[in-house]
Each structure stands twice: as structure tokens, then as C-alpha cells.
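Since chain A is already given, all that's left is putting chain B on it; use the hints.
Keeping their order, the protein sequence lines are chains A and B.
Position 148 of the first sequence, counted from 1, bears residue number 148 in UniProt numbering, the numbering being contiguous throughout.
Position 202 of the second sequence, counted from 1, bears residue number 202 in UniProt numbering, the numbering being contiguous throughout.
No lab work stands behind these hints, which were simulated from the structure alone.
Mixed in with the good hints there might be a few duds.
Where chains are identical, the list cannot tell them apart; a pair therefore holds if satisfied intra-copy or between any two copies.
[As the list claims (entries may be wrong)] PhoX-like, lysine-lysine: derived pairs with alpha carbons at most 25 Å apart: (1) Lys177 <-> Lys124; (2) Lys5 <-> Lys94; (3) Lys202 <-> Lys116; (4) Lys78 <-> Lys5; (5) Lys124 <-> Lys78; (6) Lys202 <-> Lys14; (7) Lys5 <-> Lys202; (8) Lys117 <-> Lys94; (9) Lys78 <-> Lys117; (10) Lys140 <-> Lys202; (11) Lys177 <-> Lys140; (12) Lys14 <-> Lys116; (13) Lys177 <-> Lys78; (14) Lys124 <-> Lys14; (15) Lys117 <-> Lys177; (16) Lys124 <-> Lys202; (17) Lys14 <-> Lys78; (18) Lys177 <-> Lys5; (19) Lys116 <-> Lys94.
There are 2 protein chains.
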Amino acid sequence: MISIKSGEIAEMEKQYRISLINGLVGYKALNLLGTASTDGITNLCIISSAFHLGANPPLLGIVIRPEREHNDTLGNIKTTGEYTLNNVLPEWYKQAHQTSASYPSGVSEFDQCGFKKYYTNGFKAPFVEQSTIRIGLELKEMINMEINGTTIVVGEIVQILVNDLIIADDGTVDHTKAGTMTVAGLDSYFLSQAFGRLSYAKPGTEPRELNMQKV
Amino acid sequence: MISIKSGEIAEMEKQYRISLINGLVGYKALNLLGTASTDGITNLCIISSAFHLGANPPLLGIVIRPEREHNDTLGNIKTTGEYTLNNVLPEWYKQAHQTSASYPSGVSEFDQCGFKKYYTNGFKAPFVEQSTIRIGLELKEMINMEINGTTIVVGEIVQILVNDLIIADDGTVDHTKAGTMTVAGLDSYFLSQAFGRLSYAKPGTEPRELNMQKV
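Just chain A, same shape as in the assembly (with noise of 0.2 Å):
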């Protein structure tokens, strides 16, 4: 077993620290963050930030980086109040990865990457049309963290925009059939198998295994 302590990590070279502390926490929900200014310039960046805060009122949270290319995406967030997050497929997510190169301000990488924008009904923020789960979010709160200069964005989730036959009968989300990979670390990208679904855990009892759809 390697045990690497604390005055270990901080004296690590940077790069090799950021591969290390990024992976660790394990396979991360993948997104494509859309926004638009005032202006209607869009913006599109790939993020694994993003986590379930809450399911009444519908809630989820997502980390911004103080660095210069997000702060576009920060500001639209902050000017319109609304955002969409949409799943990444294998078929493009080489062109999902390329949202993340540092294009200039006022350049949208819907256009320089291959993304068509889809918009509904007065809703500010593009949804990206290749997706097949898109979810829009208004913002609710902006929490600056002192200690190390990120944003934590929460926003409730106002639309759901998704493909035909990927919400079951119970509600559950197929990710399965939608296509949705997942990314360990920076730069690796994954698909999933279907391993196994269990019951509701009581004390006392195993959980069962329900139907699930292996592919």
C-alpha cells in the first residue's frame, strides 16, 4: 500500500498534484455548462463539477475555477440568472473536451466546437441540441469560497429537456440508453456498464436486486 501525507502532497510537482487530487474522488458526472450574455453570446465549457444538493426543491451544485476563460461563464450566470447542463456522448465528446481550450471572450464555443443550440420558450441560456438529457437551471445562490477563490454555484433545475425512453416508468434516469459517459480525473473519459440495482436498505435485511437494463 502507498500512504502519501500531507507535506507530500504540497510539495508535489503542480501538474502531477492536479492529475492525483483530481482522480481521487472517483467516475464524476460530465457536463456541458451553457450560457449566454446579455448581449446573447453563448458559452459552452465542460465541467465535472456538478452534484445533487437536493430533490425538493430541485437542486444542484457546481464548482467554478477563478481562472480567466470561466469567468465568462460566471458572469452570464450572474447577469441572466439561468445556465443548462447537458449530458456528453461518445459519438462527440472529443469536440465536449475542446470546450475547455481558452478560446478569446466573445468567441462561443457552440460554434468553434460543433455544438447546435437549442432554446426554449423564454429561457435565456442555449441547451446544446446533440445531448439527449438537458437540464435548465435558474440560479438560487453564489457562494465565493475564501479558500481557494472558487464559486459555488446552486441553481434549481426549472426545465427538463430529454430524448424519448430515458425516464422509467418509476422516475429512475436511464443513462444507459441516453448515452451519457462519465470522466475520471482531467482527461478520461468513460462509458458505463450496468452492474446491478438494489432496494431500499433496512436494517436487518440484504437489499434485493431489482430489474435493471444491462446492455
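Showing chain B alone in chain A's frame:
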């Protein structure tokens, strides 16, 4: 395409909404959260809310729900300032799921669900011996979310204990080798299949595929 709006989400049957909203974001990081009280009574619960907050200092966030059974965990983190995150493997994922059952306070899920505690010198929170990636964290900040009563716990990674050959020469964490599972929604467990690793994105160039072990 199916379109669901805010008002429809609010009117959904409770369990349907929980499944749907928990599932939307995609595949999630899956970990066992280990703590101990000041009396040394240990606690273990499965979580899918861990997210990367930054690499320098090395920070992770987790979301703790307001319900009764998780208060042991939150109380332990508050009083000892220490906790662990441990990855979940397919050989014992049912036992990991079982830690979400509402065991009475004072009963350890380590014992009830068949997990072995692993301690390191001077660190109060127990690691999971059966895991292959174990992270020791020190509490930095608790954010009480008024919007829904959850708590976002931010911690600094102070110890990393991983089995051999899981960290590559460049710092990449190999979750395929580690056997790490992922979860979608509340109860659907997955293994992952390596698809591609891509070079750092720059405007005007296509991302290159990097070497990646595909098994």
C-alpha cells in the same frame, strides 16, 4: 423529446421526483464515508455527493442531508474534525449499499455490514480496509444551506492510502485497476469502461488521444 417544467416537478409523486432529480446529473462519485465519535464509536455511510473543489490546497466537498441517520456522521465530523472517503468495489457493493439503512445511533455500520476498520497513526477516523483508494480528510468548513437544510462539508485531503499500481507515473488515478464503481440516481450501480484519454485542449488544434489502459 419530453419537456418537463418547474410546476410539473413540484407536483410529481414524491418517490418519482426523488428518483428523477437524483438521476439527472449523470454518473456520480461513489464513496463510503467513515467517521468516529470522541468515544470511538464508528460510523460508515455510502455517499454519492463528493465533488472535487480544488487541487492546491487539495479540497473535496460532500453534501450531508438533514435526516436523522446522517447526524451521527455530521456530529462526528464536527467533534473530531476528521473523516475518510473510501471507494466501492463490485465484490462487496451490496454491503456498501446496506450502510444506507437506518441503524440506531451507537451501532456501527462497519460491524453490521461487514467492513474492517483500518487506522493510521494519530488519525481518529477509520478507513475501509477492503477499499483500494482511501482518502483522509480534515474539516475546513461547513456551509449550512438554508435553501434545503443540507450541509456542504469542505475538507482538506491530508492522507492518501492506495493499493499498489493505482497511481500512474504522471499522477493519474487508474480507477479501472482500482475496481472503483459509480452510481446513477439512488440505487443503480455501474462499472466503467475506458473510452479515451485526451490531450490538454488548445484553440485551433484537435485534442489527441493519449495512452489509456482499456480493459
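Results of checking the hints against the structure:
1. Lys177 <-> Lys124: Neither: 28 Å inside a chain and 43 Å across chains, both beyond 25 Å.
2. Lys5 <-> Lys94: The answer is neither: 35 Å in one copy and 31 Å across copies each exceed 25 Å.
3. Lys202 <-> Lys116: between (46 Å within a copy, 21 Å between copies)
4. Lys78 <-> Lys5: between (38 Å within a copy, 22 Å between copies)
5. Lys124 <-> Lys78: within (12 Å within a copy, 41 Å between copies)
6. Lys202 <-> Lys14: between (45 Å within a copy, 19 Å between copies)
7. Lys5 <-> Lys202: neither (37 Å within a copy, 34 Å between copies)
8. Lys117 <-> Lys94: within (18 Å within a copy, 42 Å between copies)
9. Lys78 <-> Lys117: within (20 Å within a copy, 45 Å between copies)
10. Lys140 <-> Lys202: The answer is neither: 34 Å in one copy and 32 Å across copies each exceed 25 Å.
11. Lys177 <-> Lys140: neither (31 Å within a copy, 39 Å between copies)
12. Lys14 <-> Lys116: neither (36 Å within a copy, 34 Å between copies)
13. Lys177 <-> Lys78: Answer is neither: 34 Å inside a copy and 41 Å across each miss the 25 Å cutoff.
14. Lys124 <-> Lys14: neither (38 Å within a copy, 29 Å between copies)
15. Lys117 <-> Lys177: Within. Shortest intra-copy distance 22 Å satisfies the 25 Å Cα cut-off; inter-copy 38 Å does not.
16. Lys124 <-> Lys202: neither (44 Å within a copy, 28 Å between copies)
17. Lys14 <-> Lys78: Cα proximity of Lys14 and Lys78: none, with 31 Å in one copy and 31 Å across.
18. Lys177 <-> Lys5: between (41 Å within a copy, 22 Å between copies)
19. Lys116 <-> Lys94: So Lys116 and Lys94 pass the 25 Å test inside one copy only (15 Å; across, 41 Å).
Checked against the numbered hints given earlier, the structure breaks hints 1, 2, 7, 10, 11, 12, 13, 14, 16 and 17 and satisfies all the rest.
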